[in-house]
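> Protein chains in written order, with this note's numbering: chain A, 1 to 337; chain B, 1001 to 1337; chain C, 2001 to 2337; chain D, 3001 to 3337.
Hints listed in this document are in silico derivations from the structure and should not be mistaken for laboratory results. Glycine is no exception: its CB is placed at the ideal position from the N, C-alpha and C atoms. You may find that some hints are simply not true.
As the list claims (entries may be wrong) - Taking lysine-lysine pairs in the DSS-like style, the calculated list, with each CA pair at most 27 Å apart, reads: (1) C:Lys-2293 - B:Lys-1332; (2) C:Lys-2028 - A:Lys-172; (3) A:Lys-188 - D:Lys-3095.
Unchecked claim - Stretch by stretch, here's where chain C covers chain A in the computed footprint (C-beta under 8 Å, at least three residues): (4) 120-128; (5) 152-160; (6) 230-238; (7) 254-265; (8) 276-290; (9) 293-299.
What the hints assert, rightly or not - Just so you have them, the derived chain A footprint on chain D, three or more residues with Cβ under 8 Å: (10) 3069-3075; (11) 3214-3226; (12) 3243-3255; (13) 3263-3276; (14) 3300-3314.
Number of protein chains: 4
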Amino acid sequence: MISVGIVGANGYTGFELMRLLACHPSAKVTLATSRSLAGQKVADTYPTLRGAYGDMVYSDVALEKLAQDCDVVFACLPHGQSADICGKLIDLGAKVIDLSADYRYDDLGLYEKTYKLTHPRPDLASEAVYGLPEYNRKAIAGARLIGNPGCYVTASVLAIKPLVDAGVINPKTVIVDAKSGVSGAGRKADVAYNANEVSESFKAYGVTTHRHTTEIEEKSGAVVTFTPHLLPVHRGILATIYCDLTATAKDVEKAYSRYDGEQFVHYLGNKLPEIKTVAGSNCCYIGTAIEEKTGRLIVVSCIDNLIKGASGQAIQNMNVMFGLDESAGLPKVGFHL
Amino acid sequence: MISVGIVGANGYTGFELMRLLACHPSAKVTLATSRSLAGQKVADTYPTLRGAYGDMVYSDVALEKLAQDCDVVFACLPHGQSADICGKLIDLGAKVIDLSADYRYDDLGLYEKTYKLTHPRPDLASEAVYGLPEYNRKAIAGARLIGNPGCYVTASVLAIKPLVDAGVINPKTVIVDAKSGVSGAGRKADVAYNANEVSESFKAYGVTTHRHTTEIEEKSGAVVTFTPHLLPVHRGILATIYCDLTATAKDVEKAYSRYDGEQFVHYLGNKLPEIKTVAGSNCCYIGTAIEEKTGRLIVVSCIDNLIKGASGQAIQNMNVMFGLDESAGLPKVGFHL
Amino acid sequence: MISVGIVGANGYTGFELMRLLACHPSAKVTLATSRSLAGQKVADTYPTLRGAYGDMVYSDVALEKLAQDCDVVFACLPHGQSADICGKLIDLGAKVIDLSADYRYDDLGLYEKTYKLTHPRPDLASEAVYGLPEYNRKAIAGARLIGNPGCYVTASVLAIKPLVDAGVINPKTVIVDAKSGVSGAGRKADVAYNANEVSESFKAYGVTTHRHTTEIEEKSGAVVTFTPHLLPVHRGILATIYCDLTATAKDVEKAYSRYDGEQFVHYLGNKLPEIKTVAGSNCCYIGTAIEEKTGRLIVVSCIDNLIKGASGQAIQNMNVMFGLDESAGLPKVGFHL
Amino acid sequence: MISVGIVGANGYTGFELMRLLACHPSAKVTLATSRSLAGQKVADTYPTLRGAYGDMVYSDVALEKLAQDCDVVFACLPHGQSADICGKLIDLGAKVIDLSADYRYDDLGLYEKTYKLTHPRPDLASEAVYGLPEYNRKAIAGARLIGNPGCYVTASVLAIKPLVDAGVINPKTVIVDAKSGVSGAGRKADVAYNANEVSESFKAYGVTTHRHTTEIEEKSGAVVTFTPHLLPVHRGILATIYCDLTATAKDVEKAYSRYDGEQFVHYLGNKLPEIKTVAGSNCCYIGTAIEEKTGRLIVVSCIDNLIKGASGQAIQNMNVMFGLDESAGLPKVGFHL
């Protein structure tokens, strides 16, 4: 049994790790830390955890203990804070999967410009492996530090990268109009996320300025106009992607054939997925349409932002790191309801 | 044109007054105050107000100005704070409609016990008129201070009082199982009302302890077990009421015939209203069912908590006070969608 | 008092006309027809109408009676069926506002290709006036037949046309990524719109094939890639529009200054509206952002699909036709909650 | 590996069985039948099933094949139709878990009166075991035919029966005010369940007449006033239960101690569960409050109607029948989001 530690377990990605790992056949959360809720029962914050975790309490953050007792540590911390703590955990000999943005970028300058921070551990930043298993499986298997991809980035890159790599689109014409459920905003006491303000509404935010833009660009190889929107649903991202097609429909199909055999990424041809296709599962579904009139390719890509977009992908990375079946403990079917 | 002032205009009942009064043929909001948002545009907090209020800003609270410039002042303040401010406004010669609980009770001791406060103005508390027009029309017409009823109380009392008054139920057997939309909780930065926590959920709260219980009991004459619940909808209260019937179905019908001719209270016989019947309107709809097996009468009563349960009823009171058509500016049809 | 008839009053646009006209100071619904529900009370289908319409019943469709008794008739019928019935009403001397697509197009061939129909009344098709008051006020005032614009079209054209007219964008680069609430799908017994299938989901539909595309193109002068999506909210359309900017930020501002003085169309500069800004009102709000990196202009445009996108705009047209205040009976403030 | 057949697999309980069994370590759906969708892919109706079931198609109903190839058959059919088909499957040697009402009642007359039907297989009706594992574990283990409890019944009986059995309440005073998510209504093309009609609303239905009333009464031993309501959420039932307490708070606690050691039923004392505590899990959570003023006990009981209220409980029964860990494949943690 793999012993799992979670730093910053009180947020939604921490919760989701605890929820998913409760069903994992070979891993178990043994230490869930939270600075703000140390000493309190996890079931006081998330009553539904009681069924699997009983009276377990959040521990205070103790890096030595985490490094010593846990086979792997998931870091669910704000970017900026995470880099340093993950670095110390690595120094103490831990294997770390970082869900923040701190270890995702190849180009450290791009990270620093995007997040307006100086990275405290350039050494580890260059060592860290980007945790997109469909592309980096081998490197992940040997890694001690994973930068787990952003949610919008996962939905976008899985859709765009095959097209860029195959040279079937003009990579300078990509627009990603993305819509995310509210859980993406995290567990916050903020009027902007009050149910009265969110439900029965919908809005764009971070237009031309959202930080995931540079990560999408670095990982996909495209120049991207990225517009995120806030959907009044709990989970799920749907990205509608527009680009100029430079090849045929068959070439598009062939580009996506790279996902043949993947357990969690499915290309549906001209059937388009919706949020409900993926919410609750670790899957990414992708569908395409071609507009003759303009020569544009339209791609729709969907994931569950908390699962394939965060905690599920983190577990998928753990499975790869520990040589387990890549799908162990990960749902292939969504809630539908 | 009646000049209207609103104290504490930044909350949801203040917003709703501004929204409704934008369509009132003979009244107009001329002063909207907010201590916390003074100097800011109302459209910054509620962008939809721009269409009717343009660049109007929240003023700081200035009681003299309110009393002098406004024909009537609506107070949308927390209980406890409201009593004093309304008192001062009255002293300055204003007519005041208080949406808080401070001037609702006949029995001041009951108020003080319920709200754990000492009332600063017992003189005015005994003068104030309870603003339920269907029962107090004449007194409201001559009043200078109105205690506007609570939302749960309006839904409950309009349903229960006719039965108690007519002696057709045992008034010691009343259970009110009430469900309210989230707007009832107000505009708050609180994780408990974060969309992630509220939507796709439902819960009871304040069981056996909710403060509206004593107001329901005082105004209806019944002993009441009151259980409120939080519904994942914006607006609306539905109260399912259980009591022992001591008379016939015809007697029930006769009891509710007191609402014949009312513009805003409708008895539907054995058709039961739902939230959608009322949300967006100033109406209360009531339906009943009798269970032979147990001899119980089941009453379903619905209102929009922000309109008939707060701001709409306050405007109805204003209309009565100023001798206008009681329905001026008040919607008789709900949104449905 | 203008006497209003509604043909096909049992759908959502018919309901919305009845809801809005219940508050109109100078117009009143006197005849609401429905083939399928003739003889049934309007309050049986929409219980909330009881407060304003009491025991009114849907009449069977009788064109002579409509033409004779009503000063204006709103047609809420499916496209294809509407052309013929509106034509007969006109022949009988009625003034008609048609909410279907049948009298919207200048280019009849484009209509026939888009809707795969032969138009039965080319004579009237060329006479009919497109009911977008912000552009056609004078013609509407003198018209006897109005083609009321489509919902997606209203949101799109109000945003795009000023830019095309001012020559500040490349009109061949326009992408409209639009999201609409479920009321846009109408009142249907269809599993696809069952609450279980719609809520907590989101999807694109009609990609590259939606019929509003040609109407948007004809009325805006742009070539448009149009992708509609289904939002899990009742009301509202938000369109995120992408195009290549060929001028400066100032030029954009100047282009939108054509709406200065409009009561229902508001340009917000770089503030972006959301669904909540407009749902419940007859307003269209528009905001813009410029992306330096790509030279793209991003426009966000919002309306309530049932009001400015259908029934409210129809009433606005009626107001213009009858020389009333253009905003009579039309809400300038949305529900917010 | 247990080979599972599902009759009527296209409805929501059939879907939920397929979703849950996709994660079951020792059981697998090998045959999913649907008369109306025979020959179609399961992923055409539920696209999210593609991840686990690929191109599997619904088979036509073939009882011999089901009985022969499957170790156990789940029947997800309408009451009335189910009795006969389950009977034939039993005759053919199958083990059957019936999710309809047909094999739930001890008193066949009560069933026939409630459902207005003549039962075709009284022999099997008296043999069938009521599938509430917390009460009938031993009998379930040896059964070949299970009557799987109703959703409202599970939530109600798990809360009421301990109190009746322990004699701590007056069993003639019980009121169950229950609220259920929309999935309880099934997958239907019906305007009443159109998203436009359900969301932002709430209503009571089947007041004094709902068929689950008699099942609750038979299984709990109480006389019950039962009022179901339709909640605008996907999943979950919350029952607020009122009864006259005839003993002490300690006695109540002791009554519920019968669930100590249960994996799926949790008594929380005076903490009250909410829908979110259970939605997505197979758990039932129960909390209580005592009202001194009236001597009433108020019980709040929550389950996920599709899991503990239907498909999850059916799998729990299967686990017991086949000697597996009772919790195999069943989630102990809900979605929360």
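> For every hint, state whether the structure bears it out.
Consistency of the hints with the structure:
Pair hint Lys-2293 (chain C) plus Lys-1332 (chain B) does not hold up; C-alpha atoms about 52 Å apart against a cutoff of 27 Å. Between the alpha carbons of Lys-2028 (chain C) and Lys-172 (chain A) the distance comes to roughly 56 Å, so the proposed pair goes past 27 Å and is violated. Distance restraint check for Lys-188 (chain A) and Lys-3095 (chain D): the Cα-Cα separation of roughly 50 Å exceeds the 27 Å cut-off, and the hinted pair is therefore not satisfied. Note: the stretch 120-128 of chain A has 0 residues with beta-carbon separation from chain C under 8 Å; the three-residue rule is not met and the coverage is violated.
Figure legend: the stretch 152-160 of chain A, annotated as covered by chain C; annotation inconsistent (0 residues with Cβ-Cβ distances under 8 Å, at least 3 required). Coverage of the stretch 230-238 of chain A by chain C holds in this model, with 7 residues showing a Cβ closer than 8 Å to a Cβ of that chain against a need of three. Under a criterion of three residues with beta carbons nearer than 8 Å to beta carbons of chain C, the stated coverage of the stretch 254-265 of chain A fails, only 0 such residues being counted. Taking a C-beta to C-beta cut-off of 8 Å, the stretch 276-290 of chain A contributes 4 residues in contact with chain C, enough for the three needed, and the coverage statement holds.
For the stretch 293-299 of chain A, the stated coverage by chain C is satisfied: 4 residues place a CB nearer than 8 Å to a CB of that chain, which reaches the threshold of 3. With 0 residues having a beta carbon nearer than 8 Å to a beta carbon of chain A, the stretch 3069-3075 of chain D misses the requirement of three or more and the stated coverage is violated. For the stretch 3214-3226 of chain D, the proposed coverage by chain A is not satisfied: 0 residues have a C-beta within less than 8 Å of a C-beta in that chain, short of the threshold of three. Coverage of a stretch by a chain is defined here by at least three residues with a beta carbon nearer than 8 Å to that chain's beta carbons; for the stretch 3243-3255 of chain D and chain A the count is 0, and the condition is violated.
For the stretch 3263-3276 of chain D, the proposed coverage by chain A is satisfied: 7 residues have a C-beta within less than 8 Å of a C-beta in that chain, meeting the threshold of three. Against chain A, the stretch 3300-3314 of chain D contributes 1 residues with a C-beta closer than 8 Å to a partner C-beta. That does not satisfy the three-residue criterion, and the hint is violated.
The structure does not agree with the numbered hints 1, 2, 3, 4, 5, 7, 10, 11, 12, 14 stated previously, though it agrees with the rest.
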